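S.K.: Next come the chains, spelled out residue by residue.
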Amino acid sequence: MPIGDLGPELAVLLTAIAVLLLAMVLPQHRHGWCAALAVAGLAVAAGLAHAQADVSRLTFSGTFALDGATAWGRVLIVGLTALCIGLSPRWFATDRRHGEVYAMFLFSALGAMAMAGAADLMELVVGVLLSSVTGYVLAAYHRDWAISLEAGMKYFLVGALANALLVIGVVLVVGMAGSTAYAELSGAIPEDPLALTGVALILTGLFFKMGAVPAHTWVPDVAEGAPVPAAAFLTVVPKIAGAIALYRVVALAPGIEALSLLVAIVAATTMTVGNLSALWQDDVRRLLGWSSVSQAGYALMAVAVAGRAPQALPALIAFMAVYGIANVAAFAVIARLRGRTAITDYSGLVGMHPGPVVVLTVALLSFVGIPPLAGFLGKLALFTAALEAGLGWLVIVAVANTVLSLFYYLRVVAPAVFGTPGAGAATLRGSAHVTLWLSLALLLGATIFWSPLWSALPGALLP
Amino acid sequence: MLTLAILIPLLAAAVLAVAPLGATTARWTATGAAALSLLALVVVWIGGGEGFRAVSEVPWVPELGIAWRVGVDGMSLALALMSALLFVVATAWPIELQQARAYYAWMAFLAGVSIGLFVTLDLIVFYVFFDLSLVGMYFLIGRWGHGEAQHAALKFFVYTLAGSLLILIGIIVLALNMPELTFDMRALIDTPPLAAAGVVPGLVFLAFVIGFGIKTPIFPFHTWLPPAHVDAPGPASALLAGVLLKMGAYGLIRIPLQMMPETFARWALPLAIVGVISILWGAIVAFAQENLKRRIAYTSVNHMGYTVLGIAVAGSALGSEAARQLALTGAVVEMIAHGLITGALFLIAGAVWQRSQDYHLPNFGGLAGPAPRLTGAATLAAFASLGLPGLAGFVAELHIFLGAFGVYPWIAAIGLLGILITAALFLRLLRQMFFGDLPKERAGFTDLTRIEVALLAALLALVVLIGLWPAWLLSLIDARALIAVPGGGG
Chain V
375 MPIGDLGPEL
385 AVLLTAIAVL
395 LLAMVLPQHR
405 HGWCAALAVA
415 GLAVAAGLAH
425 AQADVSRLTF
435 SGTFALDGAT
445 AWGRVLIVGL
455 TALCIGLSPR
465 WFATDRRHGE
475 VYAMFLFSAL
485 GAMAMAGAAD
495 LMELVVGVLL
505 SSVTGYVLAA
515 YHRDWAISLE
525 AGMKYFLVGA
535 LANALLVIGV
545 VLVVGMAGST
555 AYAELSGAIP
565 EDPLALTGVA
575 LILTGLFFKM
585 GAVPAHTWVP
595 DVAEGAPVPA
605 AAFLTVVPKI
615 AGAIALYRVV
625 ALAPGIEALS
635 LLVAIVAATT
645 MTVGNLSALW
655 QDDVRRLLGW
665 SSVSQAGYAL
675 MAVAVAGRAP
685 QALPALIAFM
695 AVYGIANVAA
705 FAVIARLRGR
715 TAITDYSGLV
725 GMHPGPVVVL
735 TVALLSFVGI
745 PPLAGFLGKL
755 ALFTAALEAG
765 LGWLVIVAVA
775 NTVLSLFYYL
785 RVVAPAVFGT
795 PGAGAATLRG
805 SAHVTLWLSL
815 ALLLGATIFW
825 SPLWSALPGA
835 LLP
Chain L
137 MLTLAILIPL
147 LAAAVLAVAP
157 LGATTARWTA
167 TGAAALSLLA
177 LVVVWIGGGE
187 GFRAVSEVPW
197 VPELGIAWRV
207 GVDGMSLALA
217 LMSALLFVVA
227 TAWPIELQQA
237 RAYYAWMAFL
247 AGVSIGLFVT
257 LDLIVFYVFF
267 DLSLVGMYFL
277 IGRWGHGEAQ
287 HAALKFFVYT
297 LAGSLLILIG
307 IIVLALNMPE
317 LTFDMRALID
327 TPPLAAAGVV
337 PGLVFLAFVI
347 GFGIKTPIFP
357 FHTWLPPAHV
367 DAPGPASALL
377 AGVLLKMGAY
387 GLIRIPLQMM
397 PETFARWALP
407 LAIVGVISIL
417 WGAIVAFAQE
427 NLKRRIAYTS
437 VNHMGYTVLG
447 IAVAGSALGS
457 EAARQLALTG
467 AVVEMIAHGL
477 ITGALFLIAG
487 AVWQRSQDYH
497 LPNFGGLAGP
507 APRLTGAATL
517 AAFASLGLPG
527 LAGFVAELHI
537 FLGAFGVYPW
547 IAAIGLLGIL
557 ITAALFLRLL
567 RQMFFGDLPK
577 ERAGFTDLTR
587 IEVALLAALL
597 ALVVLIGLWP
607 AWLLSLIDAR
617 ALIAVPGGGG
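Protein chains in written order, with the working numbering: chain V, 375 to 837; chain L, 137 to 626.
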């Protein structure tokens, strides 16, 4: 087990420690350097991950899968974490613990990477827990703001329950199947009630990470209460890792129809609940939180057809990647507007801040799936995979939800574009501004370079 | 060449979005872009040819069989030409607005995507343009409309997006049933997938009919249309009626009729009945409207009903082949004629709004005195719309009903009633607007300016030309090529 196999993870870990030490040494007004160091470390990790892109083997005694899904998961997690860090320096500038937040981002990203690559149930638990524990801290980072504390608390309570269920599920599966390694579990999970309950509990734990029903309730609170960069991070990075981990688990039992059906039902419920709840939100951050729930529902369509449609895995990764970029872009707009969130505050914004309004419009229309934005290509891939596997009803539900979602996205866009401007407000420039345009560029670039990206996506998993 | 016709307006839109131009410069930039686009299409037309011509192809996502494919046959070339002309007229149409530069940017954008929709040969690109046209029209109505503009724009967007997503499902199912995954229209037309009977083709057909039916619109999916029309600015209504509605009917011919002829034949009778209901419903409801634009809007439902009837007859696989070809020719001519005529009518309505800020018909009267040119143009357009012989509408309806009597005589007979009602409602409209006494508040009503007359003349001249000498248009459309498979396969 060559240590280099975990190069990207180690790079993130060492950077996190270095950032922590740097934050202790530097005076608070210099903590921006910690962000620079963190991004540099992430760049190294991305480089190492890219170097391993073509490797396909299990490593560390079969606990970690080095395959296409891991490679994409690593690059996405590292890249999107860097974007979220880009939003942070000015946002946290007045926070006494400014520098430490970057260490938290990095530890959380490390947990997500472990989750995405896990090829062993215990490894999965470690990843989920690391990602969760750091997530609670990030959500409650504004210690003297009640809403942020409440978000952290809710995240913690729901997470504690979900993680406990996950561990119980792991125990049941290990007990019935006799192994924790995916390589041995693959196709060997017995079809008896206890083992199936175990798998279902594991799925529930991962639904929590993805923000899917029934463990979705933390998402809107975190989106509203967490510091905006942390909200962007928590609604994106753990979800991508959770989606890949979920796919790996479901792919272990390709023959068990009930699991696919369970995931399909959860997918339908998640998108419907998310969209219905988003309809009348008057707070843009909360609205984005609920929209993030519904997007998780769409992504689950691909998990539901895992192993039954050749395009399921590429569709899942592509959709989550596009969703992640668009979500960071949307939160970048909010960061740029210094956390301005009431929909009424967006009235006539296009006159004062045309740039952010354009980015927000593009991001939201990408969520809807208006072509030729990348969100459409992601949804097209999802629909194709689901229709190919014969899940027509799920596609109909997704279509109905898409129409529904247009309504509330336009509730944000319409006042911003058509409304009469109110009073001006403070804005955040600096790196948040750069991140805003960078994420827009990535989103548009995804459309243009869809073909090479799509053909680079992995078709299958390792074990 | 066709790619140019799409890219020039889109490029102009991008320039208008960022460059700080004045209102007049912006207007002529957008008009010029649409005119260049029209020119490119005319060059293709002069080039001539059979079947799909001016084809070019650039791969986009080859793994999924998606590519930038453009090419036209007679039907799409005719529709694209009509659209480009209407865009030239509508962007050049003088209108006072706020933020004129953004308005013309959206107009140019809409021109690019609308022309693109008619000339593309790839189903995914078709869907892309279909949805982008919604986005463009949403912002045009929401930002520059009047009355409850935002509400109307939202209704329009949500309603038609629902339709377009159904179309997307249908497209994916069609492509998945090809031997090799492809979205190339030519391949799908040559070897129609889903030939077998069963539930799936029926459902896919239903998805297409509802999806395109919302856009066309056909009864009972037409309810988004009146508010969108009433609250949109005049030129945008002209485009909505003249170009965007045609996308629905065009799609109905291109996809269900050409790509699933067997299923179409099976369901042609219900579709014909829906068409007739649209004819009658549109005409009767239009008759009852007291709002100028609402009345014209409902006549669109009526006229698109004729088109749907023609399409249904063409795909019925009953009667003689000649009858079906007549009906299809009529349907396409109806699309062109309706685009030109209703485009002109809505521009006239826009001119009335500019001068009076009012659409309520009883508030008008006697405009023939102060505005003879407006009266002349409106009268000609109204007569064309009600199907007076010698004008374009008559040619279209004659073909449709000649074909329909050969296939579904009873339905055709009922549909004829629609023409009668339409005639009555337009005559009443002319009387209410232009004859009788001039109300006091209309005292300062001014006539059409020279540029407005010139723009309307361009549209109405074509209406007369098609009415008097339709042969050039009929040979361009070439309905025989559209239903080449004898008996529609069924």
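Keep in mind that the hints were calculated from the coordinates and are not lab data. Here the structure is a predicted model, which means the values were calculated and not measured. Hints should not be assumed to be uniformly reliable.
Said to hold, decoys possible - Pairwise CB distance ranges (calculated):
id	chain 1	residue 1	chain 2	residue 2	range
1	L	W608	V	I639	52 to 60 Å
2	L	L317	V	I770	36 to 44 Å
3	L	V600	V	D719	31 to 39 Å
4	V	L388	L	G158	52 to 60 Å
Even for Gly, the Cβ is constructed at its ideal location relative to N, Cα and C.
S.K.: Hint by hint, which ones does this structure get wrong, listed from lowest number up?
M.R.: Hints 2, 3 not satisfied by this model.
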